Amino acid sequence: MKLMTCPVNGTRPVSEFVYWGEIRPMPDPDACSDDEWAAYVFNRNGAPGVKKEWWCHTPSNTWFIAERDTEKDFVLRTYLYGDDR
Amino acid sequence: MPWRLLRFGLSKSHPEPRMFTTHDTLKPSYDVVIIGGGGHGLASAYYLARDHGITNVAVLEKGYIGGGNTGRNTTIIRSNYLTPEGVKFYDKSVQLWQDLSTEFDLNLFFSTRGHFTLAHTDSAMRTMRWRAEVNKHYGIASEVVGPEDVKRATPQMDLSCGGHAPIQGALYHAPGAVARHDAVAWGYGRGADMRGAEIHQQTAVTGIEVKGGKVVGVHTTRGFIATNKVICAVAGFTPRITDMVGIRTPIYIHPLQAMVSEPMKPWLDSILVSGSLHIYVSQSSRGELVMGASLDPYEVQSTRSTLDFPEGLSAHLLDMFPFLSHVKVVRQWAGMADMTPDFAPIMGMTPVEGFYLDSGWGTWGFKATPVCGKTMAWTVANDKPHELITGFSLDRFRNYALTGEKGAASVGH
Ligand SMILES: Cc1cc2nc3c(=O)[nH]c(=O)nc-3n(C[C@H](O)[C@H](O)[C@H](O)COP(=O)(O)OP(=O)(O)OC[C@H]3O[C@@H](n4cnc5c(N)ncnc54)[C@H](O)[C@@H]3O)c2cc1C
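One line per chain: the protein sequences are A and B, in this order. Taking the working numbering, the leading residue of the first sequence gets 6, the next gets one more, and so forth. Taking the working numbering, the leading residue of the second sequence gets 34, the next gets one more, and so forth.
Just chain B, same shape as in the assembly (with noise of 0.2 Å):
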């Protein structure tokens, strides 16, 4: 047992600073208000103090920080798009992930695996190969492998896939890894915390005031705040919070689902993901196998999971590893996708002055929490659009501009 422990026990107050201060009071106004404590919001928070200098700052978060989809998520991180804005903006931020651990001093598990894009039929092989080629243009390692080398990586799985799904080949893109999620979250509150910016959990934005086509400042469950700028960053509530400022978007919220095994001796190092099997697992540092599939086939806006998940993924991954008919599922979730036509996100500025979002990231967002953040507090502290996110803007459909990025992230996220 470490003798630290005994300094807890004797000690009559918390003998150790909390990942991040409580603040008992909103302040009357801040110069930025997030809103959503998940990765994307916190990650803005902690570029605004740390690279801008802009620290008045609050977070605000209805439940606690990480609650969202950010700790519901399976964590993959890769950056082998489709389109050139996509793997341009993926991959700057699968480069800020190598470092996050160090720079907050807090073992995030960032853990590169490999991650092999299974394909069943010669429409996917040639997805494949064109996602290939447009990977190695922009410098990014990713190439299509056979059968033998998805052998080689898991001996276990059973290439025929019952017999009605033959594997042809595979994406296969080294760089693939996986995090500790909700770790995430909490690294990049406590280095904004630690840089002046606020945090304060159960704090629901419950409308914004715009005047002259201008934020002037956000009404929360603890009373009404002054700002001139606010960045949405809630995921599947964004249709609630673009409604209050008057945006109409493209935006759709459907349940995605996920689901864990009982933990179990590493045997899985690399991550699986099959399109027509509509699969994909890794195996945690701590041993489960962490899995999802696609989308739920309707809207609905609440986190509730349903039986038939496990029941139809089980099938499939069965398909994939015979031997594993006798492991257990522990536990299962759902959280609220904001999906797009395009498969891309919106963010950037709005027709509302002082109103930026982070929004539509769907099925996809997790990996790209640190390049998020990044150009979200760029944009806010610049007033113009990153050049990394000018093809993800609103007005993008207005111009039928739309970013075809469905190929690489429907089921593969």
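Chain A on its own, in the form it takes in the complex (with noise of 0.2 Å):
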């Protein structure tokens, strides 16, 4: 069984979590370009790395940051936002 840490829960099966994606800093709307936009909405980085994402905890509803390297699946370290100093 895979599993993930949550930081306030522990350790738990993956199955409990959801996962939201890479962290990806929005531009701001007003100031920005229809392009810029657009590739916010739109684009990803979808090559292989270690990547910041955001996963839930669903029966806490715990979210939180995983860096994780997206080709071996292995999850370096998970921390609350704004705790990855």
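If you're looking for bench data, these hints aren't it; they were derived computationally from the structure. Predicted model only: the values in this text are computed from it and were never measured. Using N, Cα and C, we set each Cβ at its ideal position, and we do this for glycine too. Do not take every clue at face value.
[Claimed, not checked] Derived pair list, reagent style DSSO-like, types lysine-lysine, alpha-carbon separation capped at 30 Å: (1) B:Lys439 - A:Lys77; (2) A:Lys57 - B:Lys439; (3) B:Lys417 - B:Lys247; (4) B:Lys60 - B:Lys125; (5) A:Lys77 - B:Lys95; (6) B:Lys95 - A:Lys56.
[Claimed, not checked] Computed spacing ranges between beta-carbons, pair by pair: (7) B:Pro355 - A:Pro18: 25 to 31 Å; (8) B:Pro299 - A:Pro18: 37 to 43 Å; (9) B:Arg51 - A:Tyr86: 54 to 60 Å; (10) B:His311 - A:Lys56: 25 to 31 Å; (11) B:Arg162 - A:Pro32: 39 to 45 Å; (12) B:Pro188 - A:Lys57: 48 to 54 Å; (13) B:Ser193 - A:Pro18: 46 to 52 Å.
[Unchecked claim] Some chain A residues judged to face chain B by a derived CB distance under 7 Å, without partners named: (14) Tyr24; (15) Tyr45; (16) Asn48; (17) Arg49; (18) Glu76.
Work from the hints to combine the two standalone chains into their complex.
Spelled out as structure tokens, the structure:
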């Protein structure tokens, strides 16, 4: 069974979690061009690498960040938003 | 025992020509370089040579031909999609499939079976009616049928699906078919080779040289090749190649898994798909049940498979066919699906001159192999997008002109 560590609830089966994609900084919708906005809405970084991703532990609705190697499917660390210092 | 086999025993060298020629060296330049020796890349090489007389072509494959998603897919061929762009495109492909075995002189085990997309809810029935109407408008054999028709085609099925997902009806598509996947790659490969294209296996593209916005060559594990035209047909590897030319796309990669049962006597004629139960199943000409489900729930760029996949899929299969409870699963595997937000492909020209994309084929691109080869070859030969693929261009995202194919492609592929 694949495991994931929730920063609040500890290590749980990955089936208790949902994945919400890579963290992507949002451009200012009022200041950016239409092209920049479309690129933000649609484009993804599809190549493998270590990525910072949104995950949620669904039973407790805890949103947090996982740093994961998307080729090896290996989680390096997980932490709550703002705790990565 | 066929006497021909004796020749192989008595001869020191291989007495028959191989499927295609092995070339010891790469030429310094080609008119067209195709990255990816899957069905799509090989079909593009085939039609470039056959329809357009362009034969100074190299297909570069980092592994072996057909070893990517072509050889991993569950081979469902159909054209009952939802959007006009999709229906017209896939219909052309289904037409091309009919003659391929004869054209290649190679048995592709192309087998027309009839395809049921089962509906277990009112809203699913609504989508089926919608699809049937769009399909009929474009002359595709497609109709909504009742549970009794499903029962007639598949008497073994429990129509209540274990009591919790009773079947309300189905979308029936008589032309639905299956084929032998790797033979498709071999057939196109041999046909391209016979007409002068070169196939280089064990040759990976490691970089693409772009000067002044134009492709000038590719770097490979066997050296540099000069060329002005590159077709990228690498399915789950697409983002790694588009990164080489600095093009951003919406493509994201999730694994798609599949499995087969031990072989049985033929009992399942039709191809069955259920969106609610996340399952599709057909019986191959070898007697195995070929089964798949939905995408893995998160991004992974590898072909690892997981135990929860056969567990979940088997549970749903037993809802439909309780009598299979003693049948064994003999193989499971995964491919990397290059997904797009609107479940339609990304094909044609790109902002980099001479760089052509045949990508975003996700979980549904095997059926499109012939028409992709045909339209990509035309696009490269004429340097403008073939009319069947204009709706699939990369810039549709920038223009917010997406193709709403999700209703017909998400689980049914
Ligand atoms: C489990 C599964 C089930 C599916 N079921 C269906 C189905 O029922 N019906 C359907 O229509 N479609 C289905 N699909 C989708 C279908 O398999 C694909 O869309 C289609 O086969 C893609 O073909 P291709 O030739 O573009 O890619 P591939 O066959 O993946 O070929 C791409 C090739 O590119 C090579 N390559 C990658 N990078 C490089 C490089 N840098 N240099 C050189 N070569 C490189 C790879 O080694 C690979 O061989 C399924 C897919 C999967 C994974």
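Problem set entry | Hints that the structure is at odds with (numbers, increasing) | 4, 13, 15
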